[in-house]
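S.K.: If you want the building blocks of each chain, they are given just below.
Number of protein chains: 4
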Amino acid sequence: MIKVGIVGGTGYTGVELLRILAQHPKVKLKVITSRQEAGMAVDELFPSLRKKITLKFSDPSKADLNKCDLVFFATPNGVAMQQARSLFDAGVKIIDLSADFRIKDVAEWEKWYGMSHACPELVAEAIYGLPEVNRASIKNAKLIANPGCYPTAVQLGFLPLIEAKIVDMNQLIADTKSGVSGAGRKAEVHTLFPEAADNFKSYAVPGHRHLPEIKQGLSNIARKQIGLTFVPHLTPMIRGIHATLYATLTKQIDLQTLYADRYANEPFVDVLPAGSHPETRSVRGSNFCRIAVHRPQGGNIAVILSVTDNLVKGAAGQAVQNMNIMFGLPETLGIEHVPLLP
Amino acid sequence: MIKVGIVGGTGYTGVELLRILAQHPKVKLKVITSRQEAGMAVDELFPSLRKKITLKFSDPSKADLNKCDLVFFATPNGVAMQQARSLFDAGVKIIDLSADFRIKDVAEWEKWYGMSHACPELVAEAIYGLPEVNRASIKNAKLIANPGCYPTAVQLGFLPLIEAKIVDMNQLIADTKSGVSGAGRKAEVHTLFPEAADNFKSYAVPGHRHLPEIKQGLSNIARKQIGLTFVPHLTPMIRGIHATLYATLTKQIDLQTLYADRYANEPFVDVLPAGSHPETRSVRGSNFCRIAVHRPQGGNIAVILSVTDNLVKGAAGQAVQNMNIMFGLPETLGIEHVPLLP
Amino acid sequence: MIKVGIVGGTGYTGVELLRILAQHPKVKLKVITSRQEAGMAVDELFPSLRKKITLKFSDPSKADLNKCDLVFFATPNGVAMQQARSLFDAGVKIIDLSADFRIKDVAEWEKWYGMSHACPELVAEAIYGLPEVNRASIKNAKLIANPGCYPTAVQLGFLPLIEAKIVDMNQLIADTKSGVSGAGRKAEVHTLFPEAADNFKSYAVPGHRHLPEIKQGLSNIARKQIGLTFVPHLTPMIRGIHATLYATLTKQIDLQTLYADRYANEPFVDVLPAGSHPETRSVRGSNFCRIAVHRPQGGNIAVILSVTDNLVKGAAGQAVQNMNIMFGLPETLGIEHVPLLP
Amino acid sequence: MIKVGIVGGTGYTGVELLRILAQHPKVKLKVITSRQEAGMAVDELFPSLRKKITLKFSDPSKADLNKCDLVFFATPNGVAMQQARSLFDAGVKIIDLSADFRIKDVAEWEKWYGMSHACPELVAEAIYGLPEVNRASIKNAKLIANPGCYPTAVQLGFLPLIEAKIVDMNQLIADTKSGVSGAGRKAEVHTLFPEAADNFKSYAVPGHRHLPEIKQGLSNIARKQIGLTFVPHLTPMIRGIHATLYATLTKQIDLQTLYADRYANEPFVDVLPAGSHPETRSVRGSNFCRIAVHRPQGGNIAVILSVTDNLVKGAAGQAVQNMNIMFGLPETLGIEHVPLLP
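Residue numbers (this note's numbering), protein chains in the order written: chain A, 23 to 364; chain B, 23 to 364; chain C, 23 to 364; chain D, 23 to 364.
Among the hints, a few may not be true.
Just so you know, same-sequence chains aren't split out, so a pair can sit in one copy or run between any two.
[Stated by the list, open to error] No farther apart than 30 Å at their CA atoms in a straight line, the calculated lysine-lysine pairs in the DSS-like style are these:
id: 1; residue 1: 246; residue 2: 273
id: 2; residue 1: 161; residue 2: 73
id: 3; residue 1: 133; residue 2: 89
id: 4; residue 1: 133; residue 2: 78
id: 5; residue 1: 89; residue 2: 126
id: 6; residue 1: 74; residue 2: 237
Treat the hints as calculated values from the structure; they're not laboratory data.
Bound-form chain A, shown alone (with noise of 0.2 Å):
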């Protein structure tokens, strides 16, 4: 068994994993902190965990993480990057849901992300953990980058283009639509029910933080500089993202069989059939990438077409998937969960 410490787990993404870890074989979850909760009762804050854990909130102060074999982040922007020091050199595993470890170019980060950077030195240690690109990597790495939820779906949607080398690099667009949970479970007044409801709006236009990220794994596969554009918007749903990415095609190949191909083995990317048009309900609460592909009135703009459940793959669930492969066990175990429908 695994021994399991979680930071911060009372955000979505903390509570997912707590969905997640609850289920899991191999997992003892042994800690769970949080500031803020010290001493309440997993289930008293989250009633969905009852007859599931019962732990309670630990204050972070007291924790004694550095038995763990593997400590999950689950915690805003900034605060990783102050602890993962300590957990490293004490050996212990790192997986961060934030995106302290995700940008190389810690002066990029840093400009993003609007603070210092606290650990620069172990970013080149991070291994980014998108198992379709860095199966191999993650397998060694003691410290994973757990993607974003936007750059998990807009990834492995354009990911084999830019591998095939058939589109227009500098001319990539993602316009992407997220549920509202992608917000995070902080009070505020713009995602209030009455405020996000029944209502749809871009948001960030001029520059979002996942721009960045994505823009950099996407110009490491393509060995180049890419441009891309990229459009979040928020709608009415509580979980899911929808990306709809759009390329202008260089060469004529067949995409659908390009598609099959790249992700023939990939437990957890589903390429549809040809004309497809995916839900984002049909990923609900599973770690699953669906993904279709289309050439609109036979024309050069190829419309790819990326549903993810962004607490699952775009976040939780694939920092158990990450966490699956760097223990050795079969990379799905724990995640097999079918989508929720209707």
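Starting from the known structure of chain A, arrange chains B, C and D on it as the hints suggest.
M.R.: Chains B, C and D alone, transformed into the frame defined by chain A:
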């Protein structure tokens, strides 16, 4: 492995049954029928089941259900009563998720359901599948009448009060609220998104089909005819039932202890701490019924709050719970899903 | 033209008041204050008001409200009682949409609202602004205590039964459901979209602040203390209140006629045909209260269904209705909006 | 007073037209037809219209539409083309909210709509009712082809770029999102609440009927054939369209000024301040189209955000705007509703 057949798997209880059975370690799904979708792959109709279920819908006239150990009917009312006899005679166990065998008084059933009963002689054989009441009989049942969604939430809520004989049994009130999936996957105007979203209404106040079912169940426990006012409402959510129950206390006893004791050994009934307000999402996708008890301002009105997922404990999950009992499996096997929150 | 000021226009009752007043032919909106947003254009906070309202929020300390003919308070509880005295003395009419002047028993108010009343002597002067009960007094009122959202729907629903003295007044039950805008435009976790969407729950079952207000109103009509069990619920919709009311009949009279007659001349109370089920969306954005009456199975329980838009008839619309009465205008002027459906 | 008839008033554009016309000071609604609901009171089908409209639906075969000054067709595609000829010849003005007269190329229309055109000779007579483009022609029109919902939002969004000839007209992209009312009030499974709620998906990516309409409109302005990729999505909200438009700039000019100038005198097009993100709810129930313009990271991709209420500016409101123009009334008369927020 239990060889299982499903008749009519294209509705919401059908797809939920498939979600649960696809993950059940002791079930081998052999056949699923649908007159309308015969020949179509199950995962084409329900993409959430891709990579999970590879069966196709079979033509009912060609499906060999007699080779199954157990057949679930997830059909509209009026179908199971046509087909149950031959399966019953062939020694195939039956769990009927429709209403065909729930009401012992056949004339009463015919009045509420507006048709002649095709198989009245099997009504007497049928065991009402509410394990918290009938566990012993379910164990040896050949034919289970699986309870309706409202009746499950309402009966589990009232049960301890009735058993303890501490309320006026002539003046029970059940004000119930259901998610829209309770209306089924039928093309109808009144459950279209633009009709049902951002809207709340009652329906069937003069009389709803679940009224005789609830009255029968509670009267059996009370050993006399109870009086119930039952008002259902349609709520703009997908899943979930919230029953708000009112009863006039005739004796003063500690309700919290009464409920905690009654359900102490029930794996799926969760009595919340005093002062709680259960949320439907705290049971979403799970087989739990969560209950809280109140006596506002210390008066003589008991207010019982009972929530379930109408498709799980109110339908498919309870059906599998019954299956587990019938086949000598651990009662919770394959239905231990942690609720999906948020 | 009536010179109107608004104190505190940044909440949901505030923006609704602005929507209505912007279209009212006899109102000149002079000033709107907000401590927090002083200096900001109203239509920057609420883009729905672009091209409709050009005012900026004023600093409360600098706003000259004394030049107004009428001031609306759309503030949290506890603000109006601080400022009403000086306006009252200056001859400015006041309509308070908060709870400060609703409860005649100041000690009772202080118990439920958890603060000392700053202006108890004006409580006696305040007229409770439910036109269907107090129209004559409203005409000459200087200070209106505008009713709460639940109290409006519940009182209008019970009113004819109480006036006719045909129910057991000790055992009234009000099972009420509110849209989330009823919780206000405050940054709080429990009303975030991912918490409140696809979810249903009760709250404040042990006691809600609207309970004493409703009991006061109904007891005044009954001329004796009534007994009420009041259970509010939070519903995943933006606007709307649905009150399901239960009363035990002590006399057999034709309820449909009773209600139709009682409200025959009320412009905003609509008694639906026998057998109806009012929907909250049928009043969305309008000042209507629609009511249906039932006696399920011809028993002795009357079930009254009453729906309003909590922000209109339950707040801003009723406030403008009171304004119209106070200023001798046609009662329906400027609040004749047709409900928005779908 | 304009004597108005409506053919087919039982869908969402019909009820919205009724909502608007019921409050229009210069309209006398004479007749409304429905084959299916003939004889039923309009307010029985739509209780939101109680106390507002007392008409009954008339049998189409008995309705005397020739006495009207104006007839609106709020019918499914294929109906208006059957009945327009005789009304046209009788001198009755016609506004068709369906697609029958929108496409000048009849063969193209027949391809996309899958039927033969019953009245091709009137297609040439029809004026495309987008006032911001065709105001002068609308003034004297006898037959208006009222634009579709997507085409209105997309054309108003692209218009200034096309007119200014500053973008690559072969590579336009329109990623559009619609509320579910856009699918109409038809009993279908895929728009049921449990299917469409908490879910997001694209549809008709290979080709949607509004594509030729948008291409025709933009090509007319460009005076050459434009190239457009058009991807519609279904969003879990009732009303609203959000168009996210992408174009490659070929010249560097100040987009904000371009848009502000182009729409300075348009009463219903609102160009938001630089940096804005329009919300669909900011136009809910109103005839506004709100637009924001962006150039992310100062690159060569223009991102235009355009929102409308699909039932108002995208259907019934625009139809009444056209009526006002045709009958010499102030263009905004009766369609000045303030959006309903929240």
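S.K.: Each hint: holds or not?
M.R.: Okay, the hints, checked on the actual structure:
For the identical chains of this complex, residue 246 and residue 273 are neighbours both inside a copy (19 Å) and across copies (26 Å), given an alpha-carbon limit of 30 Å. For a Cα distance limit of 30 Å, the shortest separation of residue 161 from residue 73 across copies, 25 Å, qualifies, whereas the shortest one inside one copy, 33 Å, does not. Taking CA atoms no more than 30 Å apart as the test, residue 133 paired with residue 89 passes in neither setting, with 35 Å inside one copy and 51 Å between copies. For the identical chains of this complex, residue 133 and residue 78 are neighbours neither inside a copy (37 Å) nor across copies (34 Å), given an alpha-carbon limit of 30 Å.
For a Cα distance limit of 30 Å, the shortest separation of residue 89 from residue 126 inside one copy, 29 Å, qualifies, whereas the shortest one across copies, 60 Å, does not. With identical chains, the CA atoms of residue 74 and residue 237 are never at most 30 Å apart, being 40 Å at best within one copy and 34 Å at best between copies.
Consistency with the previously given hints fails for numbers 3, 4, 6, ordered from lowest to highest.
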